[in-house]
Amino acid sequence: MTATFNRRDLDFLLYEFLDLEGLLAQPRYAKHDRAVVDAVLDTAEKIAVEQFQACAAELDANEPVFDGRGVSIIPQVKTALDAYSQAGFPAASFDYEAGGLQLPCVVAQAAGAMFYGANISIAAYPLLTTGVANLLCAYGSPEQKALFLPPLLDGRFFGTMCLSEPQAGSSLADIRTKATPAGAGHYLISGTKMWISGGEHELCENIVHMVLAKIPGGPAGVKGISLFIVPKLRVGPDGAIGGPNNIALAGLNHKMGYRGTVNTLLNFGESGECHGTLVGERHKGLQTMFHMMNEARIAVGMGAASAGCAGYLYALEYAKGRPQGRRMRDKDPASPPVPIIEHADIKRLLLTQKSYVEGALALLLYCARLVDEQKTAGDPARRREIALLLDILTPIAKSWPSEFCLEANKHAIQVLGGYGYARDYPVERLYRDNRLNPIHEGTHGIHGLDLLGRKVRIAEGACFTALCRLIRADIDAAASIESLHEYASDLAAAVGELEVTTRVLIGCGDLERSLANATIYLDMVGHIVIAWMWLKQAHCASRHLASSPDQEPEFYRGKLKACRYFFVYELPRARAQMSLLQKLDDTCLTMAAGQF
Amino acid sequence: MKILVAIKRVIDANVRVRVRSDGAGVEMANVKMAMNPFCEIAVEEAVRLQEAGKAREIVAVSVGAGNCQDILRTALAIGADRAILVETDLETQPLGVAKTLRALAEREKPDLFMLGKQAVDDDNNQTGQMLAALLGWPQGTFASKVEPVDGRVNVMREIDGGLETVSLKLPAVITTDLRLNEPRYVKLPNIMKAKKKRLDIVKPVDLGVDLAPRLKIVKVAEPSKRKAGIKVESAQALVDKLRNEAKVI
Numbered sequence: 001m002t003a004t005f006n007r008r009d010l011d012f013l014l015y016e017f018l019d020l021e022g023l024l025a026q027p028r029y030a031k032h033d034r035a036v037v038d039a040v041l042d043t044a045e046k047i048a049v050e051q052f053q054a055c056a057a058e059l060d061a062n063e064p065v066f067d068g069r070g071v072s073i074i075p076q077v078k079t080a081l082d083a084y085s086q087a088g089f090p091a092a093s094f095d096y097e098a099g100g101l102q103l104p105c106v107v108a109q110a111a112g113a114m115f116y117g118a119n120i121s122i123a124a125y126p127l128l129t130t131g132v133a134n135l136l137c138a139y140g141s142p143e144q145k146a147l148f149l150p151p152l153l154d155g156r157f158f159g160t161m162c163l164s165e166p167q168a169g170s171s172l173a174d175i176r177t178k179a180t181p182a183g184a185g186h187y188l189i190s191g192t193k194m195w196i197s198g199g200e201h202e203l204c205e206n207i208v209h210m211v212l213a214k215i216p217g218g219p220a221g222v223k224g225i226s227l228f229i230v231p232k233l234r235v236g237p238d239g240a241i242g243g244p245n246n247i248a249l250a251g252l253n254h255k256m257g258y259r260g261t262v263n264t265l266l267n268f269g270e271s272g273e274c275h276g277t278l279v280g281e282r283h284k285g286l287q288t289m290f291h292m293m294n295e296a297r298i299a300v301g302m303g304a305a306s307a308g309c310a311g312y313l314y315a316l317e318y319a320k321g322r323p324q325g326r327r328m329r330d331k332d333p334a335s336p337p338v339p340i341i342e343h344a345d346i347k348r349l350l351l352t353q354k355s356y357v358e359g360a361l362a363l364l365l366y367c368a369r370l371v372d373e374q375k376t377a378g379d380p381a382r383r384r385e386i387a388l389l390l391d392i393l394t395p396i397a398k399s400w401p402s403e404f405c406l407e408a409n410k411h412a413i414q415v416l417g418g419y420g421y422a423r424d425y426p427v428e429r430l431y432r433d434n435r436l437n438p439i440h441e442g443t444h445g446i447h448g449l450d451l452l453g454r455k456v457r458i459a460e461g462a463c464f465t466a467l468c469r470l471i472r473a474d475i476d477a478a479a480s481i482e483s484l485h486e487y488a489s490d491l492a493a494a495v496g497e498l499e500v501t502t503r504v505l506i507g508c509g510d511l512e513r514s515l516a517n518a519t520i521y522l523d524m525v526g527h528i529v530i531a532w533m534w535l536k537q538a539h540c541a542s543r544h545l546a547s548s549p550d551q552e553p554e555f556y557r558g559k560l561k562a563c564r565y566f567f568v569y570e571l572p573r574a575r576a577q578m579s580l581l582q583k584l585d586d587t588c589l590t591m592a593a594g595q596f
Numbered sequence: 001m002k003i004l005v006a007i008k009r010v011i012d013a014n015v016r017v018r019v020r021s022d023g024a025g026v027e028m029a030n031v032k033m034a035m036n037p038f039c040e041i042a043v044e045e046a047v048r049l050q051e052a053g054k055a056r057e058i059v060a061v062s063v064g065a066g067n068c069q070d071i072l073r074t075a076l077a078i079g080a081d082r083a084i085l086v087e088t089d090l091e092t093q094p095l096g097v098a099k100t101l102r103a104l105a106e107r108e109k110p111d112l113f114m115l116g117k118q119a120v121d122d123d124n125n126q127t128g129q130m131l132a133a134l135l136g137w138p139q140g141t142f143a144s145k146v147e148p149v150d151g152r153v154n155v156m157r158e159i160d161g162g163l164e165t166v167s168l169k170l171p172a173v174i175t176t177d178l179r180l181n182e183p184r185y186v187k188l189p190n191i192m193k194a195k196k197k198r199l200d201i202v203k204p205v206d207l208g209v210d211l212a213p214r215l216k217i218v219k220v221a222e223p224s225k226r227k228a229g230i231k232v233e234s235a236q237a238l239v240d241k242l243r244n245e246a247k248v249i
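Which chain is which? The protein sequence lines are A and B, in order.
Taking this note's numbering, I'd label the letters of the first sequence as residues 1 to 596.
Taking this note's numbering, I'd label the letters of the second sequence as residues 1 to 249.
If we strip away everything but chain A, and leave its shape as in the complex, we get (with noise of 0.2 Å):
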């Protein structure tokens, strides 16, 4: 089998671009040294390869199957979530007072993105559950933390995050699921959730699902949204598992990719009582959701960056052992082909893969760095900019990654040609699995407006303005190499070029017109963000050169490239979307329906 993640690349992330060894000295993770670090990704590279890629076209091939009484899974994705929960994943990044080993939230990222490469739709279920468990650290009741915590920590319960319904998804104001009060804390929920992940199956005892529900009499719209821990099964006081709490599974959903997670229609206290408690406060259920999902965004980012990653291997691989063509001053026949890696279109499909995954791989790592500075830094006015930090970057965390990650897989099916779009390769599979990381935990539209509508507007721009401070003040930093000194006045050009956008787009009285290309925005600030990325990666790499020539040379030489290669071909697209935007163009906007 084909890797699909870089050993070598996460080493350099963690340890040389991140400095993961300055983070482990901090008080919090003193038990933690570097070769622990090494032996948990070890760990997970092993788990990932042998249990989880091993079936990952077999379970594309046979997806989940719902005859009427259960869904029926093929038992290899028990097998594998069994040992990734016997190994201890669940709780790895959890605190030690929660029963969690306290790692650092990178390296669970990056443990994580070994599993979502080897095979994303087994990797969904804990991802999910890691999700609720955060949650109800977070928010849950003391009663509510000690019934489910330890089992969802230990793997026999799983989680899953309830909020679409058929007439309502990214419209959650619209939501119509009930939650009356039953008294003594309890609520009856009622009401049909669509496309929920995990929803029904076998793979454990218990399903808790987080669902999103409106209490009567409540405020209308997002205002009045309440949020429940519902479980499959109920749980007595003595956390024994009991008889069914009603949630009726009404049927499977049928996707293009991400296989084998089971996605669900669920119905709710259709067929009798559904027990459900409130976590967090009464009508602040979004909210509470919401601010929650940092880890969870940054682990989507991260989905969709190992399934670039995992097929820019592929193509890679196949590139360096693929015979065809000869060199374009090479006229006699009978000369042998050349590997078709020898080919510059072909460099290029591979290097704008390299620049996209190595790039969205670097901003996921940084993120949740800086989740876990937020947990150690002592100084309360730096763990103020870390949080409007990781405001303003975990749209961009989970967007940009979405979008470009799944073109480097369409890029990584070119490599291949026919074989790329044949089912006996990966790299389709890849592509589909990744289709969908646009789609869900919010759209790809949502997010642009989530940028532009909140989060640059925010605190009057306090997040927009941190994050310039801080390229900024890296661009000093890598300015002082003298081979990165064009690279660093790009990024500046661009910066400066971002703060006239934003203000002009903000400073538009029509909100309409102001948000109207919110999601070329996003990608526009994304590509200026991975720009930064790889100033900070070369700056990295130079460094290593300068002290350490000998060792490893073609590493870092090939970091210094895809630099290059991204600055050149890249960043001028940002360039391009600044000057669209700044016109405040509505050609979208004022296109009318009976137009089209």
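Keep in mind that a hint or two might mislead.
[Said to hold, decoys possible] In silico EDC-like links for lysine to aspartate or glutamate, alpha-carbon gap of 20 Å or less:
no., chain 1, residue 1, chain 2, residue 2
1, A, Lys255, A, Glu97
2, B, Lys145, B, Glu158
3, B, Lys99, B, Asp81
4, A, Lys31, B, Asp70
5, B, Lys219, B, Glu158
6, B, Lys203, B, Asp111
7, B, Lys187, A, Asp154
8, A, Lys78, B, Glu182
9, A, Lys46, B, Glu182
10, B, Lys99, B, Asp89
11, B, Lys193, A, Asp154
12, B, Lys195, A, Glu63
13, A, Lys375, A, Asp19
14, B, Lys193, A, Glu97
15, B, Lys32, B, Asp123
16, A, Lys320, B, Glu106
The hints are simulated quantities; they were obtained by calculation from the structure and are not laboratory data.
A quick note: this is a predicted structure, and the numbers were derived from the prediction, not measured.
Starting from the known structure of chain A, arrange chain B on it as the hints suggest.
Using the frame of chain A, we list chain B on its own:
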């Protein structure tokens, strides 16, 4: 019962190994390393014996460069109680390693010495046998079942004709085969616990052994590509080819 388990650091079995262009060996730069899979089976078996109350102490040992500490830590995380690294930058070869292990056996006085039947790098399949000969201990190689009973150990061995069970008087040497067990995945909490376990580093000179290689690698080459097959017309033609061309029947 005290068990010594010898383990080797090799290229990860999941990595596709490439022959170096100069034919002097295989590509080692940037290649992921791991515990030899047969050694992992030996560690797993020792830990299972301990869990079954049949072993008192497990000591994992390795001979090699400083970075072999990582596989020793893995062995500690699987369940070994302590570890010893005999540190050398020299290329390790079966006889040198067997002599080193003999010196360790004299120092540690184990009841059982367990090794993988071979390492997947050079596939020598020699160290265990050499060690048994040097120590003058009985050996059970290619073990697919290990059962200690009253000062002896019964070892079911995989042999060409099937299975054979030998009863060895302790102390003894056992080398493990693929079907003995399926090693567990390391549990993350045990990685943390392994940090606190003892790992001693000794030099070959402390043990009075000389690890200088005695074998020279002349050339490493890819196996020749398999030739395309042909279809034969009849069973008789097949028998004829097997008898007269391949000369296997």
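To see whether the hints hold, each was checked on the structure:
1. Lys255/A with Glu97/A: Violated - the C-alpha atoms of Glu97/A and Lys255/A are around 39 Å apart, more than 20 Å.
2. Lys145/B with Glu158/B: holds (9 Å)
3. Lys99/B with Asp81/B: Measuring from Cα to Cα gives roughly 23 Å; hence the hint is violated.
4. Lys31/A with Asp70/B: Holds - the C-alpha atoms of Asp70/B and Lys31/A are around 17 Å apart, at most 20 Å.
5. Lys219/B with Glu158/B: violated (32 Å)
6. Lys203/B with Asp111/B: violated (24 Å)
7. Lys187/B with Asp154/A: holds (12 Å)
8. Lys78/A with Glu182/B: Given that 20 Å is the threshold and the Cα spacing comes to 18 Å, the pair holds.
9. Lys46/A with Glu182/B: This hinted pair holds, its Cα atoms lying about 14 Å apart.
10. Lys99/B with Asp89/B: Given that 20 Å is the threshold and the Cα spacing comes to 17 Å, the pair holds.
11. Lys193/B with Asp154/A: Cα-Cα ~18 Å, so holds.
12. Lys195/B with Glu63/A: Distance of about 42 Å is beyond 20 Å: violated.
13. Lys375/A with Asp19/A: It holds: about 16 Å lies between the C-alpha atoms, which stays within 20 Å.
14. Lys193/B with Glu97/A: holds (17 Å)
15. Lys32/B with Asp123/B: holds (18 Å)
16. Lys320/A with Glu106/B: violated (51 Å)
Checked against the numbered hints listed earlier, the structure breaks hints 1, 3, 5, 6, 12 and 16; every other hint is satisfied.
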